[in-house]
Amino acid sequence: MKVIVRIPTPLLSLTGGQKEVEAVGETIMEVIEDLERKYPGMKERLCDEEGRLRRFINFFVNDEDIRFLDNENTKLKDGDVVSIVPAIAGGYDKESMGGGDHA
Amino acid sequence: MFVKGLRCRECGRAYPKEPIFVCEWCFGPLEVDYDYEAIKRNFNRNELEKRPPTLWRYRELLPIDGEPSFGLTSGYTPFIEAKNLAEALGIKRCYIKDDSVNHPTLSFKDRVVAVALTKAKEFGFKTVACASTGNLANAVASHSRKGFDCYVFIPADLEPSKIISSSIYGVNVVAVEGNYDEVNRLCAEIAMRYRWAFVNVNLRPYYAEGSKTYGFEIAEQLGFRLPKHIVIPAASGSLVTKIYKGFKEFYELGLVKEFNTRFHIAQAEGCAPIVHAFREGSNIIKPVKPKTIAKSIAIGNPADGVYALEVVRKTGGVAEAVTDEEVIEGIKLLAETEGIFTETAGGVTVSVTKKLIQRGIIPKDEEVVVCITGNGLKTQEVVANSLRSLIKVKPTLEDFKKKIKAGGE
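Taken in order, these protein sequences are the chains called A and P.
Just so it is clear: in the first sequence, position 25 is 24 by numbering that gives the first Met the number 0, and no numbers are missing.
Just so it is clear: in the second sequence, position 357 is 356 by numbering that gives the first Met the number 0, and no numbers are missing.
Fair warning: there could be bad hints in the mix.
[To be verified] As a list, the in silico DSS-like pairs of lysine-lysine whose alpha-carbon atoms are at most 30 Å apart: (1) P/LYS285 x A/LYS74; (2) A/LYS18 x P/LYS363; (3) P/LYS285 x A/LYS42; (4) P/LYS120 x A/LYS74.
[Claimed, not checked] Some but not every residue of chain A turned toward chain P, in silico, with C-beta under 10 Å: (5) GLN17; (6) ARG44; (7) ASP64; (8) ILE87.
The hints are simulated quantities; they were obtained by calculation from the structure and are not laboratory data.
Ideal placement from N, C-alpha and C gives every residue a C-beta, glycine not left out.
Whenever a hint applies, use it, and build me the whole structure from the sequences.
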């Protein structure tokens, strides 16, 4: 599946400033692996040492929080938009984000 | 003085003492990092007992560098053995830590704001602000009247008396058309663009430390020991984690001998994301849309929810919720037994305590501290329709006798 991933401001240095990038994967986890191949260093920012999603980063698929879906195993389809949003640092750059979150 | 810097709670990266709150690496929240060895040399029971009864008596354990400049009369609120409430609940001993009479704005928020504004002054901010469900706005508005421009952001549908309790200080009260989580999101966006001190956004690591004093006082007022059980209302979850941290610091500094307190969390059914995660055995706090009369704790997306849940689980506690009807019953029970009129959050805490005793989670032969954090005068609307009606009489003895069949004549 080919999806669009929205990158939050603090991670733009890894994508060379691109606010939206393409990635391939059946699930969120596979998309992260693909991002890591294209933009090395991405995975350690998004996942902890055990490979689990970091607790203070929220992922949205088409504006739905994946905590309401199937978390890192959430299935994706072609054209889905995946937004990566730091949980407590809402509003870095509204244009590039799915939304802020709590503080 | 005793603050080394900030540290990420998740990945442990160190940061300097600045008005920042998020780890740039893993996006976790930043926490104040103290030099406990130095504190140990400067802070002990003898020294403590000589100090004035305010929250600043614990200043070595608070994240300021200079002298305290705000909240100089806040804290050290009454700690009461609630014998009538204990009898009504059927438990051996029950204590109330009563921040409904904290000075000057009648909630535990006087504590956090005292620390946050002292820090805002140290950082050289000219404007202070907050996102609030009411009590925090009251405290920021009151304490900031000298020395800062002030903007408080609240959900537009708050209880009228809570709004007036901010407006009275002549500050800018911004009523946002949305719930608290939306207010908070807006404030986070403003905080990124304006050089303002949002006490619970960019000053949050410092601000939150003020809540520890609620725990320090409980330990001190119990005679330098910690209770077996404590029931704490949870909104963002910060108070729970900070009372825990306060108890732990007293234990590690040798001020109390044992630390085996079980931490219980109280929420309203209409906004109980932490309770839901606890019931489901999950580590993920799923945000909810709040729908409860307990507006002061109606946070659907709790910032410190995961940490609050960890405290409950590792101390053998429970997270429990009660209905809005039970909230009102709780407010009335505390008023009728102990003469303390608390707000809705206090009603939540009293009723959850009752439930935990009935379920045997808090055994009847043990003791419990019930955390009362706000004042009922600010939310009178919620109980107005569930009280006994007035006895109306003409100003004559005859009419009085007709209406009131009481003995004593």
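Cross-check of the supplied hints:
1. Pair hint P/LYS285 plus A/LYS74 holds up; C-alpha atoms about 19 Å apart against a cutoff of 30 Å.
2. For the hint pairing A/LYS18 with P/LYS363, the CA-to-CA distance comes to about 59 Å; that exceeds 30 Å, so the pair is violated.
3. For the hint pairing P/LYS285 with A/LYS42, the CA-to-CA distance comes to about 24 Å; that is within 30 Å, so the pair holds.
4. Between P/LYS120 and A/LYS74 the CA atoms are separated by roughly 49 Å; this puts the pair beyond 30 Å, and the hint is violated.
5. A cut of 10 Å between beta carbons decides the hint on A/GLN17: the least distance to chain P is about 19 Å, and the hint is violated.
6. The restraint placing A/ARG44 at the interface with chain P holds, with a minimum CB-CB distance near 7 Å, inside the 10 Å limit.
7. Look at A/ASP64: its Cβ gets to within about 7 Å of chain P, closer than 10 Å, so that hint holds up.
8. Because the closest C-beta pair between A/ILE87 and chain P is about 6 Å apart, less than 10 Å, the hint holds.
In this structure, the earlier hints numbered 2, 4, 5 are contradicted, and the remaining ones agree with it.
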